[in-house]
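Please model the complete structure; the sequences and the hints are all you need to start from.
Residue numbering for the first sequence follows this note's numbering, starting at 1 and increasing by one per position.
It is possible that part of the hints are untrue.
Within a straight-line C-alpha distance of at most 27 Å, the following computed BS3-like cross-link-like pairs (lysine-lysine) qualify [stated by the list, open to error]:
#, residue 1, residue 2
1, LYS330, LYS378
2, LYS97, LYS356
3, LYS67, LYS141
4, LYS509, LYS444
5, LYS356, LYS404
6, LYS67, LYS304
7, LYS57, LYS67
8, LYS317, LYS404
9, LYS258, LYS57
10, LYS374, LYS317
11, LYS90, LYS57
12, LYS450, LYS374
13, LYS57, LYS444
14, LYS374, LYS444
15, LYS141, LYS90
16, LYS121, LYS108
17, LYS356, LYS337
18, LYS476, LYS506
19, LYS90, LYS476
20, LYS317, LYS378
21, LYS141, LYS108
22, LYS337, LYS304
23, LYS304, LYS317
24, LYS404, LYS374
25, LYS476, LYS509
26, LYS317, LYS331
27, LYS267, LYS141
28, LYS404, LYS453
29, LYS331, LYS304
30, LYS378, LYS404
31, LYS374, LYS330
32, LYS263, LYS141
Worth flagging that the hints you see were computed from the coordinates, not collected in a lab.
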Amino acid sequence: MNKPENKQKTEAAAVTPRAQDYSQWYLDVISNAKLAEHSSVRGCMVIRPHGYAIWEKMQRELDDRFKATGHENAYFPLFIPLSFFSREEKHSAGFAKECAVVTHHRLKSVNGEIVPDPDSKLEEPLVVRPTSETIIWAQYKNWIQSYRDLPLLINQWANVVRWEMRTRLFLRTAEFLWQEGHTAHATEAEALEETWRMLDVYADFAENVMAVPVIKGRKTEGERFAGALETLAIEGMMQDGKALQMGTSHYLGQNFSKGADVKFQNKSGQLEYVYATSWGVSTRLVGALIMTHSDDAGLVLPPKLAPIQVIVIPIFKTEEERVRTVEEAKKVLAELKALGVAVRLDDRDGIMPGAKYYEWEGKGVPLRIEVGPKDLEKGSLCIARRFVPEIKGEAPDAQRRRRKSFLPRAEAIASIVPTLGAMQQELLERARALRSDRTRVLDKIEDYEKFFKGEGGGFAWVHWAGSAEQEEEMAKRFETSIRCIPFEDQIPAEAKGEGLCILTGKPSKQRVLMSKSY
RNA sequence: CGGGGCGUGGCUCAGCUGGUAGAGCGCUCGCUUCGGGUGCGAGAGAUCGUGAGUUCAAAUCUCACCGCCCCGACCA
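Right, here's the structure in full:
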């Protein structure tokens, strides 16, 4: 830290140094050198067990929502024959620059060095899926003949590889886990409805599970998914004011069904191409979670996604006290487990209680229960929250005191579940407040410049009627882009209505969301 | 690929003008301490990114290569 100007740390994102340190309990980003001396694998995310537990919880919540909207899970191949990949022109052009390609199927030792066996060259190279539209639609051709086969509503949980030129901790790794939904419909209206429905599912998940408020809207043509007619997205704001695209839902029209020649016979016996959608969210959401809620003390996790919701810490001096407090802690543990709380005991000896507090707070555990000799005497428990709603101007000491409460045992146990629920809500409100602090309704380009260059930026609601080139100009001048053209109901009251484009002065029907982004 | 910055124990780094390795954190052991990061002592752990060159002598100087990080083009 002595020479920050020399050693630029991986500036992952809007995360404090401590939060970044503790995030290593959940995630590692392995560098090339660490993986293997001459490896070409770079910027891959290693998800440690606790990080994976977060992803598993996300999966479960999302999967429930997918099932509730009539979807089923399936699995398709990792490898896509090159020829499949080139069936949809725009799509392949969009992904061509970032594909890993398999060309051989065997290794050989030549002069003690292991190399791909030249004799094992594949007739047709295989592309490691950057997304699965092409191979899935190749299958759909076999599955769809009649209107009775529609709609086909399928989701896949998988890994994909995108060979980005530059990767970014948490947000853009070369390989990532995600889910991709791929649906086929008889009519455009039905496909569009699906596209909108799944965006709502994502928005609901972001807000109610991740406690990250999002803006729903349409992407501009330039930011659309390669091959889509319409791309919808949810945009969240990270703590540094930058936008993060947290999920997308695409209306693909007949592009892919035409590319893969997927036709169905409608009720009147005519052949028609089906209408398609695709939608996805990825492990990027784990990054979004960390970047949205963390503070100076480390990570903060919403109770609904915390792998450990409650940490129980016995406090003891003597062996006799250790036995008694651990015994009580185990009882507390069992009672909370019975209530469905994800709870863990930290009875490590030789580590001071204070050190444990800091450690678990850094790791984002929402609640801590302390079980000490005094509690045994009084029949009480100490409950400490990872955070409490902020009071402006409050001293850190006072806040710390407010975080702790001593309650009669039964009352304490009974309070855990409601408290977790309250904390979940408080996080969402805190994130909303932060976002609203950093959101402006702007009409003059000078104010825009001041906001993004002087005040650190955030979300700006502005009128826009510029061209694609003028969007580019905005990107060059301010490093901002149109994050989305929001749905009508997403625009705050003070930003509604018609006006004049902030750059060109041309009339505009509604405001768009502008921001710097990840 | 272009422009910058860097490669030294697990981590963060020190080691200026050459004399062949240090600290803090972490880890192990012992005592001490334990309701917000105890203190003390002992210990394990590094072929200084790789290769060549200069030199009696290279972590240090030269060159090449490899790799990483930051900025740009790309992007969930």
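So, going through the hints one by one against the coordinates:
1. LYS330 x LYS378: holds (18 Å)
2. LYS97 x LYS356: At roughly 47 Å apart (the allowed maximum being 27 Å), LYS356 and LYS97 break the hint.
3. LYS67 x LYS141: With a Cα-Cα distance of about 24 Å, the restraint between LYS67 and LYS141 holds, given a limit of 27 Å.
4. LYS509 x LYS444: holds (17 Å)
5. LYS356 x LYS404: Since the Cα atoms of LYS356 and LYS404 sit roughly 15 Å apart, the hinted pair holds (cutoff 27 Å).
6. LYS67 x LYS304: holds (19 Å)
7. LYS57 x LYS67: Measuring from Cα to Cα gives roughly 15 Å; hence the hint holds.
8. LYS317 x LYS404: holds (21 Å)
9. LYS258 x LYS57: Distance of about 37 Å is beyond 27 Å: violated.
10. LYS374 x LYS317: holds (12 Å)
11. LYS90 x LYS57: violated (35 Å)
12. LYS450 x LYS374: Distance ~56 Å between LYS450 and LYS374 Cα, so the pair is violated.
13. LYS57 x LYS444: Judged against 27 Å, a Cα distance of about 44 Å means the pair is violated.
14. LYS374 x LYS444: Distance of about 63 Å is beyond 27 Å: violated.
15. LYS141 x LYS90: holds (20 Å)
16. LYS121 x LYS108: holds (12 Å)
17. LYS356 x LYS337: Holds, because 21 Å separates the two Cα atoms, which is no more than 27 Å.
18. LYS476 x LYS506: holds (21 Å)
19. LYS90 x LYS476: OK: LYS90 and LYS476 at ~26 Å, within 27 Å.
20. LYS317 x LYS378: holds (18 Å)
21. LYS141 x LYS108: violated (38 Å)
22. LYS337 x LYS304: Holds, at roughly 15 Å.
23. LYS304 x LYS317: Judged against 27 Å, a Cα distance of about 34 Å means the pair is violated.
24. LYS404 x LYS374: holds (15 Å)
25. LYS476 x LYS509: Holds, because 25 Å separates the two Cα atoms, which is no more than 27 Å.
26. LYS317 x LYS331: Cα-Cα ~20 Å, so holds.
27. LYS267 x LYS141: holds (19 Å)
28. LYS404 x LYS453: Distance of about 41 Å is beyond 27 Å: violated.
29. LYS331 x LYS304: Since the Cα atoms of LYS331 and LYS304 sit roughly 23 Å apart, the hinted pair holds (cutoff 27 Å).
30. LYS378 x LYS404: Holds, at roughly 17 Å.
31. LYS374 x LYS330: Holds. LYS374 to LYS330 sits at ~17 Å (cutoff 27 Å).
32. LYS263 x LYS141: The hint holds at about 7 Å.
The structure fails hints 2, 9, 11, 12, 13, 14, 21, 23, 28 (numbered hints given earlier, in ascending order).
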